[in-house]
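Chain order of the listed sequences is V and Y.
Residue numbers for the first sequence follow this note's numbering, so the first one is 1 and each next one is one higher.
Residue numbers for the second sequence follow this note's numbering, so the first one is 1 and each next one is one higher.
Hints may be right or wrong, so weigh each one.
If you anchor each label on the Cβ, the simulated ranges turn out as follows [said to hold, decoys possible]: (1) H119(Y) x W205(V): 37 to 47 Å; (2) P120(Y) x L233(V): 32 to 42 Å; (3) E43(V) x L27(Y): 37 to 47 Å; (4) L225(V) x R127(Y): 48 to 58 Å; (5) P58(Y) x D58(V): 41 to 51 Å; (6) T134(Y) x W273(V): 38 to 48 Å.
I should point out that these hints are in silico values taken from the structure, not numbers from a laboratory.
All C-beta atoms in this analysis are idealised placements derived from N, C-alpha and C, irrespective of residue type, glycine included.
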Amino acid sequence: MKVVNWFTPAIALARVAWLRTVLYLFVILDMHAFVRDTRLKGEHTGLYQPLFLARLFDLPRPSVTNTTILYVVLIVACLVGATNWFPRIAGWVVAPAFTWWVLIGMSDGKVDHDHLALVVALWVLPTVKPQQKGWRAYGDQSRSEAAGWAVRCVQLSVIATYFLSAVAKLRSAGWVVTWPGSAVLTWAIVRRPHPVGEWLLNHPWMLHVMQWVGFIGELLSPVVLWLKGRWQLLAALFFIGFHVANTAILLIHFLPTVVCWLAFAPLERIVPWFQRRSRSAGDAGQAEDQAEDGGKAKEQAGA
Amino acid sequence: MAVVTTGGAGDVRLGRAGKGLRVLVALVGIGLLVNGSVRATDDVWPFGPMSQYAMSVPDDAAITYTRVSALTDAGTTVDVPLNIEGAGVARAEIEARIGEIVKDPSLLQQVADGWAKKHPDKPKYVRLELIRDTTQLVEGRVEGPPKSEVLATWQVRR
């Protein structure tokens, strides 16, 4: 039973409300900045190579008409979902629509691996039934196991992205550890030259240190799921630093994964924090109340 | 699906069925991901292996880089910007399809079409060449400038 409950911790509905707003708005950004060639693929279908899911569900070939409809539907549904009004209806539209959007975007022979957590998040968010609508949802402290399951799924997908990257590195070498000592970063920099990288080419040992740190970090990433409080924060900062380094060296940002780290953050504390601040601005003598609220919020933070 | 009851602490608890189904979905998802990483390919996205930059590159590797070079109607030779804003096709898409383009260079036509459509006021592409640059590594270090080889040539149709 303990194992089963691990998948469904009770977490405040407010965290899901914040995730809805941030992630649905992020999808709109994503459609313009990252997976942004889907509509273009409706115009030029020459290189279209449907992926397994597109074949399984017999999805139509991208065309100007269907990619334009998909675009409009996604924008509208994301804007609605982000307000926390009718978030479940909007969410059940966004999940399949964005999955199809990304599926088309990656149906040209190249698949990126930064969208797992975001796509999983979009499928699990609508399973959570809110108790408050609109802006009130951001402060809803009622804890729900359904919310906990959704948050846990996003956390698992974030961590899977790292851990499975280490698995892929082992697999490609025939299940031996050769990747960290190989010339993979040199290879990457030669193919995408830029000033930081070209300076590093002269110091291959530094690239090897980075490869070892990255590989060990990825391999140990599942530990983050059981860390609490500031240790979990430190781990999150390590991985965000890892992405900053990747962005500097490889020009690969992984923002769709990075934004999903918010599933680990105690976002439900934002509203109480602001309330306390405005209260203590008016009345400095509420120390007892604050201590009590703080303790309550801390209990959930590790979940 | 979700039989919801309110627990003693005011928490919204899941019913037996709702919880069981959720845990099952999570376990199946983990199973699909592990399966993908251990034996599948990118084809099964999002359950495929996280294989970006996952290969071990040997210290004596020949690093290849593919680009498209264009002769324009202004008589200049330029490297085609392989991105959405340039010719509407990403470099990775070209690299993933090299074999097909070599067999059927007419696939390069859409590079010219994409460029002409996005940049109607710029010189048009007259001839496209798919070129592979090869950089040699010796003991993990770059040795000399890259060597270039033309893989396919396409005379652009108007």
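Here is how each hint holds up against the structure:
| no. | hint | in the structure |
| --- | --- | --- |
| 1 | H119(Y) x W205(V): 37 to 47 Å | 44 Å, holds |
| 2 | P120(Y) x L233(V): 32 to 42 Å | 52 Å, violated |
| 3 | E43(V) x L27(Y): 37 to 47 Å | 41 Å, holds |
| 4 | L225(V) x R127(Y): 48 to 58 Å | 56 Å, holds |
| 5 | P58(Y) x D58(V): 41 to 51 Å | 42 Å, holds |
| 6 | T134(Y) x W273(V): 38 to 48 Å | 57 Å, violated |
Consistency note: the structure conflicts with the earlier hints numbered 2, 6.
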